[in-house]
Amino acid sequence: MRNNNEFKQRMSLVKAVIPGLQLEAVKKLVENQIDIFTEIIWKNPEKIIWTNMVMPLEIFYAAGLVPINMELVAGWLATLGLSKKYIMLSESMGFSPTLCSYHKAVLGVCENGDLPFPRAAAITSHLCDGGNGVVNHFVHRYDTCSYTLNIPYHNNGLHFSYVLQQYRELIKWLEDYTGSKLSNEKLSRALELSNRAREYWVKVLQLRRGVPLINGHLALRNLFGATFLFGTEIGVEVAKAYHQQLCDSKAAESKTDSNRSTKRILWIHFAPLYANQLMEYLEEQLNCRIVFDITGYIYWPEYELEKPLESLTQRTLSHFYMGDAQERKNLYSSLIKDFRIDGVIHFMHNGCRAIPGWSWQVRQVAEEGNIPFLEISGDCVDPRGFSEEQMRLRLEAFNEALRRDEFVFRS
Amino acid sequence: MFLGVDVGSISTDAVLIDSQKNILSYYIVKSGFDHKAAVDKVLKGVCEGAGIKSKNIIKMVGTGYGRRNVSGIYKSVTEISCHAMGIHTIFPTVRTLIDIGGQDSKVIRISEEGFVETFVMNDKCAAGTGRFLEVMANAMDVGVEMLGEYSSRATKAVKISSTCTIFAESEVISRISQGDTEEQIIAGVHNAIADRIVAMVNSIGLKKDLALTGGVAKNEGIKAALEKKFGKILVPEEPQITGALGAAIYALNYKES
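Keeping their order, the protein sequence lines are chains A and B.
To convert, note that position 275 of the first sequence is 275 in full-length UniProt numbering; the numbers rise steadily by one, no gaps.
To convert, note that position 178 of the second sequence is 178 in full-length UniProt numbering; the numbers rise steadily by one, no gaps.
You can trust all of the hints, since none of them are fake.
Restricting the straight-line Cα-Cα distance to at most 25 angstroms, the calculated cross-link-like pairs of lysine to aspartate or glutamate (DMTMM-like) are: (1) B:36 with A:389; (2) A:84 with B:123; (3) B:75 with A:406; (4) B:59 with A:406; (5) B:75 with A:388; (6) B:75 with A:405; (7) B:75 with A:342; (8) B:207 with A:342; (9) B:207 with A:367; (10) B:59 with A:405; (11) B:30 with B:238; (12) B:207 with A:405; (13) B:30 with A:389.
Worth flagging that the hints you see were computed from the coordinates, not collected in a lab.
Chain A extracted, bound-state conformation (with noise of 0.2 angstroms):
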C-alpha cells in the first residue's frame, strides 16, 4: 500500500464526523464503510468482490465474500473531495471526458493504487452500460475474475429461465472463485436477513407519507448504500435504526415540520455528492422537502426462502427501469398520489445513458397530474462542471412555480 494514500487517510477521518451525523442509520452504516475501506479491503483483498448498483449482493454475503458497489466508492470519492483528482487520472488513460463521472472515478483510484486492484468482480448488465466497460479493463488491467449477468429488458417466462440458469453458474463460479461450496443454509440465512431489513426499509417509505420527518436528502445522499447491505446482520441494523428514527421522530410530529406552505418533491436519479449545499437550499431555504427518492424505492418482493434463485432473478428481472413503459409510469403516478407529491426534480447525471433517457415519460405525468417538474443536469461525481449559482436559480424558479397560491390578482 502507498504511504500517502489519501483515500484511506480521508476515510479514517471521517471518524470524527460521525457524531454529528443526524440519521442514525448513516452512522451505523458509515461505521461500516470505515471499517471495509481502511481495514477489510486491505487485508483481505481476495474476499473482496466489486460489483455494481442493481445487482443483488445476498449471494455474495452468502458465498463469504464482501461485496463492494463501485457507484458507493465513487460516492465516497466525491464525498471525500477525491473524485476530481481520480477522474482526471482516468483520462490522462485515455477514458472520455463524456463516460459517466462515477466509473472514472472507480478507475482512477484503482489505477492510483489508493484502493488493492479488484480480484474478482461480479456485475449485472442492466441500466448500467459502463458497469461492464469497467470490468472489462479490470479483467485486462488487472486479470480481475470476472462474472457478468445477462440480464434481458422485459420479465417473461423465457428470460426467467435465462437469468436464473445464469444465476446457478454464478453460484458455480463463486465456488470456483472461493475454492469452497456455497452453503444452502447461509444463503438462505443471508435472503432472510434480507427480507427483515426489506420489511423495516418498507416501513420507512409508509411513514414518509406522511408529514416530513427527516431532510429527504440525507437520505437521498448517505443512505443509497444501505441497501448494499442487505443480508447482513448489520443490513438489518441499519435498517431497523432508520425505522425507529421515523417512529421517534413521528411521535414527536407536533414538534416537526407541519407547515402548510412545506412542498412535497419526488426526487428521481442521485444528487451531487462533492461540498455543495444544493439540497440544503432546497430543502431548508426553500421549504420544499425530498418526501421521496427513487433510490431508496424497493422495487421487488419479498425473497421466497425455499426458492432461493427463483426470488434472486424475479428480484433481477422486476427493476422498474426495465420493461414496459406505461407500467414505468404507472408507478410515478402512485409515487406521486401516494406521497402527495407537489413536484417533481430529475437530476440528469452526465454520463448516463439509462436514467435520463427516461425523463420524458417522468415529464408526461408530471403533465398529466399537473405538477410542476423540474430537470436539472449535472454530475453527481465530478465537481469540474459544478455552478451552484446556476442550479439554485433553477431551483427558485421551480419553487417559484410550485407556489403560485402565493398571489393575487387585481386584474
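Using the hints provided, position chain B relative to the given structure of chain A.
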C-alpha cells in the same frame, strides 16, 4: 406605482407600472461591472420618464442574475418567472416563450395565468445566446445590430456548428477565408442558434402561441430562422424589458407577507 428591475448580464432594465398594469415608463442601461450604479441609473431614468419621485414607488421587485444586488426591493423573483409573467401581460395567449439573453437562453411553458409550468435553459454554454452572436459579429467585424439586415440579404446559409462558441468562431473565420459571403455566414450563425433553440423547445413540447423575447429578439434574422421552424412568433415592441415588466407585475400582485 410598482417597479420591476431586471439586472441581466448585458443590460439592466426597469419598468414602472400603475395599479392597472399600464406601463408608465421604462429605462435600459448597460449593466457593466457595478450593478448598484446600473440600478441607480435605471431608477433615476424610469422616475424621470414618468415624472415621479422614487418615494412614490409602492413596491419594487428585482429579477435577473444580479437580482440580489438591487437594494430596497420587496422580493427577488427569478427571471424565469418574471419573463413568463411579463409576456403574459403583453400577449395573454402565449403558452411558450423563447427568451434569448446575453448569457443564457431559456424556453418556458406558461400557464393561462402567466405562471411557469416548466422550463429548460442552456447548460453552462454560450452557444445559443446573445454572447454567441457578439463573438460571431466581432469575428466578422460587423455590428451586432446589423446582423439581422445582413442575413436578410443572404441567398443561402452556410453550415455553422452549434456545439461550441469557440469552435463556431473558428468555423466562421475559416468560412471567411474560403470566400463565403458575410450574409451567408451570418445566416448560418442564425440557423445555428435556431437549431439549439429548436432542441430546447422540442424537449418540453411546443404549445402555441409562441413568443420571442430578450435582446436577441431584436435581431430579425434570428426571428426569421425560428419562424422557419415554428411558424409565426410574437415579439413585443420592446422585447428587452419583458423580465422587468414581469417583475413589476409581481410587485403589484404579491401578497403581503
